[in-house]
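**Q** Residues per chain are reported as follows:
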Amino acid sequence: MSDIASRVKAIIVDKLGVDENEVVAEASFTNDLGADSLDTVELIMEFEKEFDIQIPDDQAENIATVGQAINYIEEAKN
Amino acid sequence: MQLKRVVVTGLGALTPIGNTVAEYWEGLKNGKSGCAPITYFDTEKFKTKFACELKGFDPLQFFDRKEVRKLDRFAQYALVSSDEAIADSGLDLDTLDKFRVGVIWGAGIGGLETFQTEVLNFAEGDGTPRFNPFFIPKMIADIAPGNISIKHGFMGPNYTTVSACASSANALIDALNYIRLGYCDVIVAGGSEAAVTIAGMGGFNAMHALSTRNESPETASRPFDATRDGFVLGEGAGALILEEYEHAKARGAKIYAEVAGGGLSSDAYHMTAPHPDGIGVVRVMENCLKDAGMAPGEVDAINTHGTSTPLGDVAELKAISRVFGAHAPEININSTKSMTGHLLGAAGAIEAIASILAMEHSLVPPTINHTTVDDQIDPSLNLTLNKAQPREVNVAMSNTFGFGGHNACIVFKKIG
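These protein sequences, in sequence, are chains A and B. Terminal number for the first sequence in numbering that gives the first Met the number 0: 77, no gaps in between. Terminal number for the second sequence in numbering that gives the first Met the number 0: 415, no gaps in between.
Keep in mind the hints are simulated off the structure, nothing from the lab. Ideal placement from N, C-alpha and C gives every residue a C-beta, glycine not left out. Errors might be hidden in some of the hints.
[Said to hold, decoys possible] Computed cross-link-like contacts, BS3-like style, restricted to lysine-lysine with a CA-CA straight-line distance of at most 25 angstroms:
(1) Lys150(B) - Lys253(B)
(2) Lys3(B) - Lys31(B)
(3) Lys31(B) - Lys65(B)
(4) Lys3(B) - Lys386(B)
(5) Lys386(B) - Lys28(B)
(6) Lys28(B) - Lys253(B)
(7) Lys54(B) - Lys253(B)
(8) Lys48(A) - Lys65(B)
(9) Lys48(A) - Lys69(B)
(10) Lys289(B) - Lys69(B)
(11) Lys150(B) - Lys65(B)
(12) Lys14(A) - Lys28(B)
(13) Lys253(B) - Lys14(A)
(14) Lys14(A) - Lys65(B)
[Unchecked claim] Stretches of chain B that chain A covers, calculated by requiring three or more beta carbons in the stretch to come under 8 angstroms of a beta carbon on chain A:
(15) 113 to 126
(16) 131 to 140
Just chain A, same shape as in the assembly (with noise of 0.2 angstroms):
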């Protein structure tokens, strides 16, 4: 696992409280993970206080799940 998805994966076991087996790539945040509309926003400024990057809103809308997240952050990051 990469650096930047096990920091993510870490991320999401701590704010939506789920155990770390769960926090698998093709894992849906509200479907699969609890998060509520409340707690998804928060999900996407955690990862840009983590990685130090701007997630713009129309893009946060495209990041439903664990693997769309990790996506996201690599390619901001390279």
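Based on the hints, put chain B in the right spot on chain A.
**A** For chain B alone, kept in the frame of chain A given last:
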């Protein structure tokens, strides 16, 4: 219209001298002080370095990690104390008509720590507003009853009363009114506060409202004593289940007491100082007695607002003498704030519970830490000093007054 009778059928308490009703009573009857040096933050530069914090309260015993992050402490306390009260009431939540169950909750401030944390974070940043999306819903004072209703599905009236230190007495009186007017069968009423924070201590210190007896925190809260020097900040919650009498009787509920009446008034005088003639305080007790259809001579005990401030304590006792006249020396007067400190918006609720427990146990908890007689105080009054006094209590009154000049008074009686 015939008003319905309202009774108390459940109690919950989370206080600096006990984390359950049973522990709270043990503390009250034994004259235990809940005051100690502050553990929540570094007080080195603060004038007052002590408060009545909760002891050994671990939110993870009650909530999972994710819930804890979304709940300010004042909301955590609300959920924990209301759960105890609901369990104590024996209400069957599966058969209850939840549209006729309300939650009316008092909070003087709300999520002060949440506000403080978010604003400090902003101040440390580069000016970009990165507020947490839970900031507002965690902080707002009405989120406590909101969370209680979400947890249990109570769909009746739901809101927070805000009248500073009278907040939860206002909540109890509103609950009394909704039930006796027939709008609800049951209301979870009470209050919570969690203001032992940098902003809370700093703010009250700036007003010269707090005791600064740093050399002896456990004796700092000393209502009616000549050497009192301000109140001691406390935190926690109290919850009462108010229920329509026939509804309670039909299910064979344990009935602690009847809510006989409530009174409200305003000083209309000063933002924080009590009226020197105590006009509003006289009127609130008179209003309460009138509402209950009671004569002054029927009152056995009064749990005073008695915060341990130089002006307020004397003004309240003078008002009691005026309202109760020749009967005043027969009343067991006390201030349980000598033990719990001042829980602000939760004070009315935990002191109502103290009044009800005094009836239940025929024992009036003491006003502790008394050392020196104040010659401004009528010596004929029984202030229940230093030691609990056995007393058959059939009628118990509780006073609370808030910054802004808000006065609230509630009276309980044994069910006849």
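**Q** Work down the list of hints and note, for each, if the structure agrees.
**A** Consistency of the hints with the structure:
For the proposed pair lysine 150(B) and lysine 253(B), the alpha carbon gap of about 24 angstroms is at most 25 angstroms, so the pair holds. Restraint check for lysine 3(B) and lysine 31(B): not satisfied, since their Cα atoms lie roughly 38 angstroms apart, outside the 25 angstroms limit. At most 25 angstroms may separate the alpha-carbon atoms for a hinted pair to count; lysine 31(B) and lysine 65(B) exceed this at roughly 35 angstroms. Taking the CA atoms of lysine 3(B) and lysine 386(B), the gap is about 38 angstroms. The hint is violated against a cut of 25 angstroms.
Restraint check: the Cα-Cα separation between lysine 386(B) and lysine 28(B) comes to about 8 angstroms, which is no more than 25 angstroms; the hinted pair holds. A threshold of 25 angstroms between alpha carbons decides the hint, and for lysine 28(B) with lysine 253(B) the separation of about 22 angstroms falls inside it, so the pair holds. For the hint linking lysine 54(B) to lysine 253(B), the alpha-carbon distance of about 29 angstroms lies beyond 25 angstroms, and the restraint is violated. This hinted pair checks out: lysine 48(A) and lysine 65(B) have alpha carbons roughly 19 angstroms apart, not beyond 25 angstroms.
At roughly 19 angstroms between alpha-carbon atoms, lysine 48(A) and lysine 69(B) fall within 25 angstroms of each other, so this suggested pair holds. Taking the CA atoms of lysine 289(B) and lysine 69(B), the gap is near 43 angstroms; set against the 25 angstroms cutoff, the hint is violated. Proximity of lysine 150(B) to lysine 65(B) is assessed by CA-CA distance (about 15 angstroms); at most 25 angstroms being required, the pair is judged to hold. Only pairs whose Cα atoms come within 25 angstroms are accepted, and lysine 14(A) paired with lysine 28(B) is rejected, the gap being roughly 43 angstroms.
Proposed proximity of lysine 253(B) and lysine 14(A) is contradicted: the alpha carbons are some 42 angstroms apart, above 25 angstroms. For the hint linking lysine 14(A) to lysine 65(B), the alpha-carbon distance of about 7 angstroms falls within 25 angstroms, and the restraint holds. By the rule of at least three residues with a Cβ nearer than 8 angstroms to a Cβ of chain A, the coverage given for the segment 113 to 126 of chain B is violated, with 0 such residues. Counting residues of the segment 131 to 140 of chain B whose CB falls under 8 angstroms from any CB of chain A gives 4; the rule of at least 3 is met.
Figure legend: structure checked against the earlier numbered hints; hints not met, in rising order: 2, 3, 4, 7, 10, 12, 13 and 15.
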